[in-house]
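*Asks:* Sequence:
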Amino acid sequence: MDQATQLKNKGNAALEAGKLDDAVRFYTEAIAVDPTNHVLYSNRSAAHAKASNFEEALVDAERTIALNPTWSKGYSRKASTLAYLGRWAEAIETYNKGLELDPNNEQLATGLLETKNKFELICQKLRNDPRSREWLNDPEYYKIIAELTREPLVLNKIFNRDLTEKDSDRLHTTFEILYDIYKEPPQKQEPQRQEPPKKQEPEKPKYDDLPENRRLALQEKDQGNEFYKKKDFDNALMHYQNAVKHDPTDITFYTNMAAVYFEQKEYEKCIKECEKAIDIGRENRADFKLIAKAFTRIGNAYKKMEQWKLAKTYYEKSMSEHRTPEIKTLLTIKRNPDDPKLYSNRAACYTKLAAFDLGLKDCDHCCKLDPKFIKGWIRKGKILQVRKRAMADPEVQQILRDPAMRCILEQMQQDPHALQDHLKNPDIAAKIQKLLESGLIAIH
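Using full-length UniProt numbering, read the sequence shown as starting at 1 and increasing by one per residue.
Mixed in with the good hints, there may be bad ones.
[As the list claims (entries may be wrong)] Listed next, the in silico DSS-like pairs over lysine-lysine satisfying Cα-Cα at most 27 Å (straight line):
1. 352 / 380
2. 317 / 289
3. 304 / 276
4. 341 / 361
5. 368 / 341
6. 19 / 388
7. 230 / 245
8. 372 / 341
9. 303 / 341
10. 10 / 317
11. 230 / 372
12. 229 / 368
13. 230 / 276
14. 10 / 50
15. 341 / 269
16. 289 / 309
17. 303 / 231
18. 341 / 50
19. 352 / 372
20. 50 / 368
21. 50 / 230
22. 50 / 276
23. 317 / 368
24. 245 / 303
Calculated from the structure, these hints are not laboratory results.
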């Protein structure tokens, strides 16, 4: 077996294992040995795409086609990458070229159908929204939309044009309407099937089929989780400790205890519990995602203690167990703190976690770094919309008008530890939970 094939096989194994950086490295080394092998560029394109590095994936896909213009898979790689970048018109054109070479290729045919659906969805959304419906009759506006579907990255060029206030407002509204289309890669749409209504079966008693020690341990964990949600950390900790007594082999019980210590700002104890969790997890072949979670929690603890090098080390250990976009973004921000895209991405993560105040801070920082980066403004607008909707909620208004609650909220700002006492009152706990869910307050 020649050296290029050996390196390609190593790259394939790394890609399958989710070790994307290693996969790219092996394919790059193989290309250095055999620079005219189109399959190597195709494989590296796949690794780049899987790592969300779509611009690099596109370069490799184009190189694949240049080396072997009759290989249909190269067109599939290029078209799917163009679709991920939101360049629907070019993606459709590329799929069609591939199908001319291989008319029976199912992957190309399916990709073409999905991309056409996405392209049509853009026009449909604009037609359905009362704000933009009439604008599609304007040839100038339609021209800009067509330009965007060919190349979304022309956005900055469009905004740098001498636009009237009316055109500028229309464009901002358009991106608001289309934001959810551009924020995620296209996904396969399964046809909906009408299923006959299922007969309702009586629910099995929870954990009844498990051994007694396991059943008792999980019941204790569930009780601990309930107290944790109410921020009653002492009782939560007691139940997690009881769970460990019944079943000392479950990594989750240790990471839950570590979470309690983290909330109580006892970071050394948090780290010790996580280290114990990792040892227990490895001994009992726990899911690598759970081990990654323990490493992440250690990293978070060191971050709170301002021990940045140790935090970075443990985040990297977490990534070696299981790659998550949140940790990847966190690490990239540490490496490149002046890139607005990274703050925008982290704001998106915070928004999904309903941590709107943290998301808003990242949006502000993103816009400060690059005032022309439109996605930062859109994310900020969405968070502010959520807050505005929350303020319109009659239940939220009633809570904020309550003089007693206003005093409690002021006290929480001055003395965060006072929160523990207030949460023991179920009525106050429910009101605070409502404000947390609405994104109007946050507890860190």
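*Asks:* Could you run down the list of hints and mark each one as holding or not?
*Replies:* To see whether the hints hold, each was checked on the structure:
1. For the hint linking residue 352 to residue 380, the alpha-carbon distance of about 13 Å falls within 27 Å, and the restraint holds.
2. Under the criterion of a C-alpha separation no larger than 27 Å, the hint pairing residue 317 with residue 289 is consistent with the structure, at around 12 Å.
3. Between residue 304 and residue 276, the direct Cα distance comes to roughly 20 Å. Compliance with the 27 Å bound is thereby established for this hinted pair.
4. Simply put, residue 341 and residue 361 have alpha-carbon atoms about 14 Å apart, close enough for the 27 Å limit, and the pair holds.
5. Under the criterion of a C-alpha separation no larger than 27 Å, the hint pairing residue 368 with residue 341 is consistent with the structure, at around 12 Å.
6. Between residue 19 and residue 388 the CA atoms are separated by roughly 42 Å; this puts the pair beyond 27 Å, and the hint is violated.
7. At roughly 23 Å between alpha-carbon atoms, residue 230 and residue 245 fall within 27 Å of each other, so this suggested pair holds.
8. Distance restraint check for residue 372 and residue 341: the Cα-Cα separation of roughly 12 Å lies within the 27 Å cut-off, and the hinted pair is therefore satisfied.
9. For the hint linking residue 303 to residue 341, the alpha-carbon distance of about 22 Å falls within 27 Å, and the restraint holds.
10. The hinted pair formed by residue 10 and residue 317 meets the criterion: a straight-line CA distance of about 22 Å does not exceed 27 Å.
11. Between residue 230 and residue 372 the alpha-carbon distance is near 42 Å, which puts this suggested pair outside the 27 Å criterion.
12. Restraint check: the Cα-Cα separation between residue 229 and residue 368 comes to about 35 Å, which exceeds 27 Å; the hinted pair is violated.
13. Restraint check: the Cα-Cα separation between residue 230 and residue 276 comes to about 26 Å, which is no more than 27 Å; the hinted pair holds.
14. With a CA separation close to 17 Å, the supplied pair residue 10 and residue 50 stays within the 27 Å bound.
15. Of the supplied pair hints, the one linking residue 341 and residue 269 is violated, its CA atoms being roughly 35 Å apart against a limit of 27 Å.
16. A C-alpha spacing of about 23 Å is found between residue 289 and residue 309, which places the hinted pair at or below 27 Å, so the restraint holds.
17. Taking the CA atoms of residue 303 and residue 231, the gap is about 22 Å. The hint holds against a cut of 27 Å.
18. For a cut-off of 27 Å, the pair hint linking residue 341 to residue 50 stands: about 18 Å separates their Cα positions.
19. Note on residue 352 and residue 372: the hinted pairing holds, with a Cα-Cα distance of about 24 Å set against a maximum of 27 Å.
20. With a CA separation close to 30 Å, the supplied pair residue 50 and residue 368 exceeds the 27 Å bound.
21. Between residue 50 and residue 230 the CA atoms are separated by roughly 39 Å; this puts the pair beyond 27 Å, and the hint is violated.
22. For a cut-off of 27 Å, the pair hint linking residue 50 to residue 276 is broken: about 33 Å separates their Cα positions.
23. For the suggested pair residue 317 and residue 368, the alpha carbons sit about 32 Å apart, so the restraint of at most 27 Å is broken.
24. Between the alpha carbons of residue 245 and residue 303 the distance comes to roughly 31 Å, so the proposed pair goes past 27 Å and is violated.
In terms of the numbered hints stated before, the structure departs from hints 6, 11, 12, 15, 20, 21, 22, 23, 24, listed from lowest to highest.
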